[in-house]
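Each protein sequence line maps, in turn, to chains A and B.
Note that this note's numbering numbers the first sequence so that position 245 is 245, with each residue one more than the last.
Note that this note's numbering numbers the second sequence so that position 55 is 55, with each residue one more than the last.
In case anyone wonders, no lab produced these hints; they're calculated from the structure.
Each hint should be verified, as a subset may be incorrect.
[To be verified] Calculated cross-link-like contacts (lysine to any residue; reagent style SDA-like; alpha-carbon spacing at most 25 Å):
1. K37(B) to P198(A)
2. K43(B) to Q189(A)
3. K9(B) to Q189(A)
4. K43(B) to K53(A)
5. K15(B) to I57(A)
6. K37(B) to D190(A)
7. K21(B) to I57(A)
8. K42(B) to K25(A)
9. K15(B) to G55(A)
10. K9(B) to D35(B)
11. K42(B) to V68(A)
12. K42(B) to Q189(A)
13. K43(B) to K25(A)
14. K42(B) to K228(A)
15. K53(A) to P20(B)
16. K25(A) to F61(A)
17. K17(B) to A214(A)
18. K27(B) to I49(A)
19. K200(A) to K10(B)
20. K200(A) to S59(B)
21. K53(A) to K10(B)
22. K42(B) to P198(A)
23. K10(B) to I57(A)
24. K200(A) to S61(B)
25. K17(B) to I57(A)
26. K200(A) to A214(A)
27. K37(B) to Q189(A)
28. K37(B) to Y188(A)
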Amino acid sequence: MAKHATPLLDELEKGPWPSFVTDLKQQAATKPECWDILGQLELSYKDRITHWKHGGIVGVFGYGGGIVGRYSDVPTRFPGVEHFHTVRIAQPSGLYYSTENLRALMDLWEKYGSGVTNMHGSTGDMIFLGTRTENLEPLFWDLTHDLKQDLGGSGSNLRTPSCCLGNSRCEWACYDAQELCNSLTQRYQDEIHRPAFPYKFKFKFSGCPNDCVAAIARSDFAVIGTWKDNIRIDQAAVQKYIANDPEYPANAGAYKGRDWGKFDIQKEVIKLCPTNCMWMEGNELKIDDSECTRCMHCIMSCRAPFVLERSKALPSASAPRPRSLMAPSSPPWSFRSSKSMPKMISRTSLI
Amino acid sequence: MALSVEELKKAIIEKAKKAPKPQLYIKDFYECDPDSKPRDIKKIANALVTEGELMFWSSGSTTMYARPDRIQNEEK
Chain A
1 MAKHATPLLD ELEKGPWPSF VTDLKQQAAT KPECWDILGQ LELSYKDRIT
51 HWKHGGIVGV FGYGGGIVGR YSDVPTRFPG VEHFHTVRIA QPSGLYYSTE
101 NLRALMDLWE KYGSGVTNMH GSTGDMIFLG TRTENLEPLF WDLTHDLKQD
151 LGGSGSNLRT PSCCLGNSRC EWACYDAQEL CNSLTQRYQD EIHRPAFPYK
201 FKFKFSGCPN DCVAAIARSD FAVIGTWKDN IRIDQAAVQK YIANDPEYPA
251 NAGAYKGRDW GKFDIQKEVI KLCPTNCMWM EGNELKIDDS ECTRCMHCIM
301 SCRAPFVLER SKALPSASAP RPRSLMAPSS PPWSFRSSKS MPKMISRTSL
351 I
Chain B
1 MALSVEELKK AIIEKAKKAP KPQLYIKDFY ECDPDSKPRD IKKIANALVT
51 EGELMFWSSG STTMYARPDR IQNEEK
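Chain B on its own, in the form it takes in the complex:
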């Protein structure tokens, strides 16, 4: 059974905090709940960007998601 929106938000934030690399593809978040549709996970990830929990990071060719504190530390 698919996770609720709040559960999925927590799982995505946890994943972004604990992943070995700070930058994550959207498809990395799909693993947070294999029962949820990729599009729903993308909407929740985008909502987290709006809330400031995640931010976009660009490699120059690919746009990825990251925790603001992790990525800002890395860029320093």
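Chain A extracted, bound-state conformation:
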């Protein structure tokens, strides 16, 4: 039975979409403090002001980040959310988790927190929402000693570096984004956990200009892989695309569920090039590489004709290959043994 009447929040359950209100009500069956989240939010809707206050002495010993303090400014009415701190858990490179690890993390959060999570924050950390101050040290101990994982960055610290899947799953990675992410995560452990700057600072690593981790948009220090030398073109494959050969579907078949008409290389590739650096000479596709901004639109539209050279810009680079030349995929990593996984450091090794 509901602890608080929430007529305004109940409106959010009436649409045809998933509702966090429904989810919190379900969660409240085992975690009664979730009723107080709903009650306080209902009050905020009525008062048109937040009833969260944040900041203060919240954290684990020796760390200046990883915990974001949240308190209720109406704790007598909603004692379940008197303390409702956020905990950031550092993510592994490429966000690879084993099911075993995820279960262990969820068990930990059921034990010490509200059970409410946010996967993932914009920096990539797994966010655990809602725990009390006295639970922080025990949670941190279990996290670092039993699961060998660490807190992420928060506040004005260096935020947890993040990267794309890189070579582990993607044909386009021009360098080993996971390795670089891991290296710099280890190098800058102190800056992640203890304040070094007057404001947050973010690293992000994308293996290619597709920029799947939005390094340009969301980081202060973006590393984006690119290829060396000129793009080489397999003209025979270009002809297959122009002829609408079913073996060479546009966009690698991503939109084939609907009839979009005949593939038109002029309309769908050449005219969409932002720098107009491509043209047809008879049956041959030409590129003026000096004008190419490496946006990769042409490569994503019709993949097979383009062959890119290994980048020399960074070590451990791997040559992107056309999809047709890819070997049958098998996971090139295992969860615990991959050198690309961030090696979690416990607090005791840092002090």
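With chain A's structure known, arrange chain B on it following the hints.
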């Protein structure tokens, strides 16, 4: 000439005790010795946190340093 580690520790503690506000940015400690590298000062400030002379205080968006006695009095 840069101060020694012990001298710098004393200067940082003094600064944290006497500053008008109890919460200080790391860059406020840089003034304790302009000849020392910021990274060295940060390491010493972090060592003082481990020793219990300073503690971290979060504004919610920025993490700062403070003397435990001053900040605990303020929060009361």
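Hint-by-hint comparison with the structure:
no.: 1; hint: K37(B) to P198(A); result: holds, 17 Å
no.: 2; hint: K43(B) to Q189(A); result: holds, 12 Å
no.: 3; hint: K9(B) to Q189(A); result: holds, 23 Å
no.: 4; hint: K43(B) to K53(A); result: violated, 31 Å
no.: 5; hint: K15(B) to I57(A); result: holds, 20 Å
no.: 6; hint: K37(B) to D190(A); result: holds, 16 Å
no.: 7; hint: K21(B) to I57(A); result: holds, 15 Å
no.: 8; hint: K42(B) to K25(A); result: violated, 45 Å
no.: 9; hint: K15(B) to G55(A); result: holds, 22 Å
no.: 10; hint: K9(B) to D35(B); result: holds, 14 Å
no.: 11; hint: K42(B) to V68(A); result: holds, 21 Å
no.: 12; hint: K42(B) to Q189(A); result: holds, 13 Å
no.: 13; hint: K43(B) to K25(A); result: violated, 46 Å
no.: 14; hint: K42(B) to K228(A); result: violated, 40 Å
no.: 15; hint: K53(A) to P20(B); result: holds, 24 Å
no.: 16; hint: K25(A) to F61(A); result: violated, 34 Å
no.: 17; hint: K17(B) to A214(A); result: violated, 43 Å
no.: 18; hint: K27(B) to I49(A); result: violated, 34 Å
no.: 19; hint: K200(A) to K10(B); result: violated, 28 Å
no.: 20; hint: K200(A) to S59(B); result: holds, 13 Å
no.: 21; hint: K53(A) to K10(B); result: violated, 34 Å
no.: 22; hint: K42(B) to P198(A); result: holds, 13 Å
no.: 23; hint: K10(B) to I57(A); result: holds, 23 Å
no.: 24; hint: K200(A) to S61(B); result: holds, 8 Å
no.: 25; hint: K17(B) to I57(A); result: holds, 17 Å
no.: 26; hint: K200(A) to A214(A); result: holds, 17 Å
no.: 27; hint: K37(B) to Q189(A); result: holds, 19 Å
no.: 28; hint: K37(B) to Y188(A); result: holds, 17 Å
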